[in-house]
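Residues per chain, in single letters:
Protein chains: 2
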Amino acid sequence: MALRWGIASSGLIANDFVTALKGLPKEEHQVVAVAARSSSSAEKFAKTHNIPTFHEGYANLAKDPNVQVVYIGVLNPQHHEVAILMLENGKHVLCEKPFTLNEKLARQVIEVARRKKLFIMEAIWSRFFPSYQEARRLIKAGEIGDVKYASVAFGVKIDKVERVTNKDLCGSATLDIGVYILQFQQFVFQGLQPEKIAVAGHLDEHGVDDAVSAIFVYPDNKTAVVSCNTTVDLPNEAVIVGSKGTIKLPTFWSPLTLTLNSKVKEFPLIPNEGKFNYYNSAGLAYQAIEVRKCILEGKLESDVVPHAETIQLAAWMDKLRHEVGMKLPPPFEDN
Amino acid sequence: MALRWGIASSGLIANDFVTALKGLPKEEHQVVAVAARSSSSAEKFAKTHNIPTFHEGYANLAKDPNVQVVYIGVLNPQHHEVAILMLENGKHVLCEKPFTLNEKLARQVIEVARRKKLFIMEAIWSRFFPSYQEARRLIKAGEIGDVKYASVAFGVKIDKVERVTNKDLCGSATLDIGVYILQFQQFVFQGLQPEKIAVAGHLDEHGVDDAVSAIFVYPDNKTAVVSCNTTVDLPNEAVIVGSKGTIKLPTFWSPLTLTLNSKVKEFPLIPNEGKFNYYNSAGLAYQAIEVRKCILEGKLESDVVPHAETIQLAAWMDKLRHEVGMKLPPPFEDN
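Quick note, the sequences are listed as chains W and S, same order.
Going left to right, the first sequence walks through residues 1 to 335 as UniProt numbering numbers them.
Going left to right, the second sequence walks through residues 1 to 335 as UniProt numbering numbers them.
Keep in mind that the hints are not guaranteed to be accurate.
To be verified - Computed footprint of chain S on chain W, listed as stretches where at least three residues anywhere in the stretch have a Cβ under 8 Å from a Cβ of chain S: (1) 94-106; (2) 271-281; (3) 286-296.
Claimed, not checked - In the DSS-like style, the derived pairs of lysine-lysine whose C-alpha atoms are separated by at most 30 Å in a straight line are: (4) LYS140/W with LYS157/S; (5) LYS263/S with LYS157/W; (6) LYS26/W with LYS299/W.
Treat the hints as calculated values from the structure; they're not laboratory data.
Note that beta-carbon positions come from the ideal geometry of N, C-alpha and C, so glycine has one too.
For reference, chain W alone in the conformation it holds in the complex (with noise of 0.2 Å):
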């Protein structure tokens, strides 16, 4: 039975979404409807997608009958308002990283949805990778034996990217990537609080935050050491050391290798002759695997991208943000 999704946003990472999409079986996903600002934006993203039908805004989207669940790209700063739209209107969510501006807000987004009995992730895509579903499980095999160390930096220049660096869209080095290096330490030491955690980062004119890192301390001497940076390109290799051994991600967002101590291991792409604005972004699809998994056995919340997770990420972000001097504009720094 086919999952009919509806596309919020008619921007590059919804055209890349949809386009992963294609690499699915037709009988498991099909894009039903798409929605934007303008009308001619949506007319234009659904004629190049051959999907049926287009709305101009986001609230006739979350009226049409026909669509199950809705795909929420839209710019960062809209995420909650239209996360809260579609479950409002019985629709379920996949919600783009960063899932909301902040802690309070994630909370809010995650209460609609538990009120509505709907289902909510946030696209953290990079975990639904097989090469991260191997990290998870030589992990949990006691392979590399107790985990001790994790790292990751993840640096591209982005630096002209007007989403990444206006403070009025709230642009931000940790919203827009360092939500990345974040959920990657959070899914090395899976469940467990840091004792301590250590900041700090860059603020650029505008009062951008542009760099940032952290020192996770958890117990037993377990440690995280995470960056990013969104002016210089970085080598973006994620390890996670153990008594036993270590595993290295390389391009730890979308990793189509896994280097077990020196051996590597190989995961290739679903195959997709679409064409993608970003970097392994066929590997999209992974994560509507899971969405349509856990909607037809009617869970609420994903194991792998758990609500908790999210408001934690949440809240990480937070700290980091503030840790630097970093604040949104109003209304969004009153968490």
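With chain W fixed as given, assemble chain S onto it according to the hints.
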């Protein structure tokens, strides 16, 4: 003209230093005496290495008129007193890292050297590897553009080594291996003063630091992220990222290769058939070449490891230890 070395200590690192010197021309470096606390240890060491003179106790070495420069490889808590003893007796000094246990002692030792107009250098041997010199050249030539980010982690499982974990011996991850990661980022951002240092770490059951990480934020959005850990083996690769490229140094404390972007350059060790206790110890000879050069030129400090950087390293080690709550036994915590 051979520089006439005296060796203070008959321990593992002293063995490696003397063995490393054998890789250099005899007409340039000659070991003329060794001293240890016990006469038998000194005698055994002298026999092993064909050293003409041995002394019981360091005071006798200090008075040996044939010795020009003393290599100090004693335990960390004795560095400052043995260094001062040698200086007061007119000997130049190469002192193992950490130079002293805290900044106050480092300043005291250097003050004596200045008063006596003698050469003294902290044995930051890594700095003299040809790969480090090449990294310096590449950075200065602008080959990787404006340097924005450096990271390094040094983790080796040495938590069963008494020197490292015995509080009475001033065991400390920061003092034992943290000095390496600190000197590395100091090397990269030479001369800059950090605007902020954020620290987090862990103490073992005896109150000895066994894992410490730090974030250094420098002016103009330059960041260094460094970690040390004595409980687990980490990848130990150092990375220097600029606006135009990346330098990597594997086994960063004694690297035989340097990767500029994806191009690997090799820097083989000085050939040496001797038996060493530690990895790549033949490279201890590089710093001896610098010591000889400086002394022949009448210099009182090296440009590669100047006094100011040794004092800075000591101050940073104090800061890191204090931030994680690691207190040295009396009387070393008075700074």
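Do the hints match the structure? See the list:
1. 94-106: violated (count 0)
2. 271-281: Three-residue rule not met by the region 271-281 of chain W, so violated; n is 0.
3. 286-296: Since three or more residues must qualify, the claim that chain S covers the region 286-296 of chain W is violated, with 0 doing so at under 8 Å.
4. LYS140/W with LYS157/S: holds, 22 Å
5. LYS263/S with LYS157/W: holds, 22 Å
6. LYS26/W with LYS299/W: Distance of about 22 Å is within 30 Å: holds.
The earlier numbered hints that this structure contradicts are 1, 2, 3.
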